[in-house]
Amino acid sequence: MGHAEVERVWPRDGRIRIEGRLHEVTGTAGDRWTAELRGRRDPNRVLRFPVRVTAGAFDFAFPITELITPRLRAAAPGTRQVWDVFLVRERDGLRVRAGRHLDDIANRAEVFVYPAQRAGENDEFVIRPFYTPDDHLSVRCGKPQSA
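Per our numbering, the very first residue in the sequence shown carries number 135; after that it's consecutive.
Because the hints were derived from the structure by calculation, they are not lab data.
Glycine included, each C-beta is placed from N, C-alpha and C at the ideal position.
Keep in mind that the hints are not guaranteed to be accurate.
Using 20 Å as the maximum straight-line C-alpha spacing, the simulated SDA-like pairs for lysine to any residue come out as follows [stated by the list, open to error]:
(1) 277 to 214
(2) 277 to 175
(3) 277 to 204
(4) 277 to 179
(5) 277 to 209
(6) 277 to 210
(7) 277 to 213
(8) 277 to 208
(9) 277 to 257
(10) 277 to 252
(11) 277 to 264
(12) 277 to 258
(13) 277 to 202
(14) 277 to 148
(15) 277 to 248
(16) 277 to 174
(17) 277 to 218
(18) 277 to 250
(19) 277 to 249
(20) 277 to 253
(21) 277 to 254
(22) 277 to 199
(23) 277 to 172
(24) 277 to 176
(25) 277 to 211
(26) 277 to 255
(27) 277 to 203
(28) 277 to 173
So the derived label-pair ranges between C-beta atoms look like this [claimed, not checked]:
(29) 151 to 266: 18 to 26 Å
(30) 188 to 255: 32 to 40 Å
(31) 235 to 210: 31 to 39 Å
Go ahead and model the full structure; you've got the sequences and the hints to work with.
And the structure:
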């Protein structure tokens, strides 16, 4: 099964930009794609962003403030939400997980540590992309104990 092979993640300036290539996904010429961030605890909570795809290479970005849900705003300090990253082909709904699988780096979750960004009226939320133990890309959005 194909996936969205992540090559670069750029968390800065209140946005997260993700670049990569579609891997083992056929029939991509002319297809339109959308990035989907799905809430891990609530998979019905979905954020969608446009994706630029050219010759199998993809590129998209989103503002980190979109990840701060009303539920998280109302939550107690120490609460976190995780968003899993997918690309979805519009014509048939094919959903591929974003991750990094085509190199020989072990323990990616420990090796790739992206910088956190702060957001909110008082910078009370911390947002950071990360790799799961299965090398999938996700984004953690939380309200630390001491904001």
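To see whether the hints hold, each was checked on the structure:
no.	hint	result
1	277 to 214	holds, 6 Å
2	277 to 175	holds, 16 Å
3	277 to 204	holds, 12 Å
4	277 to 179	holds, 19 Å
5	277 to 209	holds, 8 Å
6	277 to 210	holds, 8 Å
7	277 to 213	holds, 6 Å
8	277 to 208	holds, 10 Å
9	277 to 257	holds, 9 Å
10	277 to 252	holds, 10 Å
11	277 to 264	holds, 17 Å
12	277 to 258	holds, 6 Å
13	277 to 202	holds, 10 Å
14	277 to 148	holds, 16 Å
15	277 to 248	holds, 18 Å
16	277 to 174	holds, 17 Å
17	277 to 218	holds, 18 Å
18	277 to 250	holds, 12 Å
19	277 to 249	holds, 16 Å
20	277 to 253	holds, 10 Å
21	277 to 254	holds, 10 Å
22	277 to 199	holds, 13 Å
23	277 to 172	holds, 19 Å
24	277 to 176	holds, 18 Å
25	277 to 211	holds, 5 Å
26	277 to 255	holds, 12 Å
27	277 to 203	holds, 11 Å
28	277 to 173	holds, 16 Å
29	151 to 266: 18 to 26 Å	holds, 20 Å
30	188 to 255: 32 to 40 Å	holds, 38 Å
31	235 to 210: 31 to 39 Å	holds, 36 Å
Against the hints set out earlier in the document, no violation occurs for any number.
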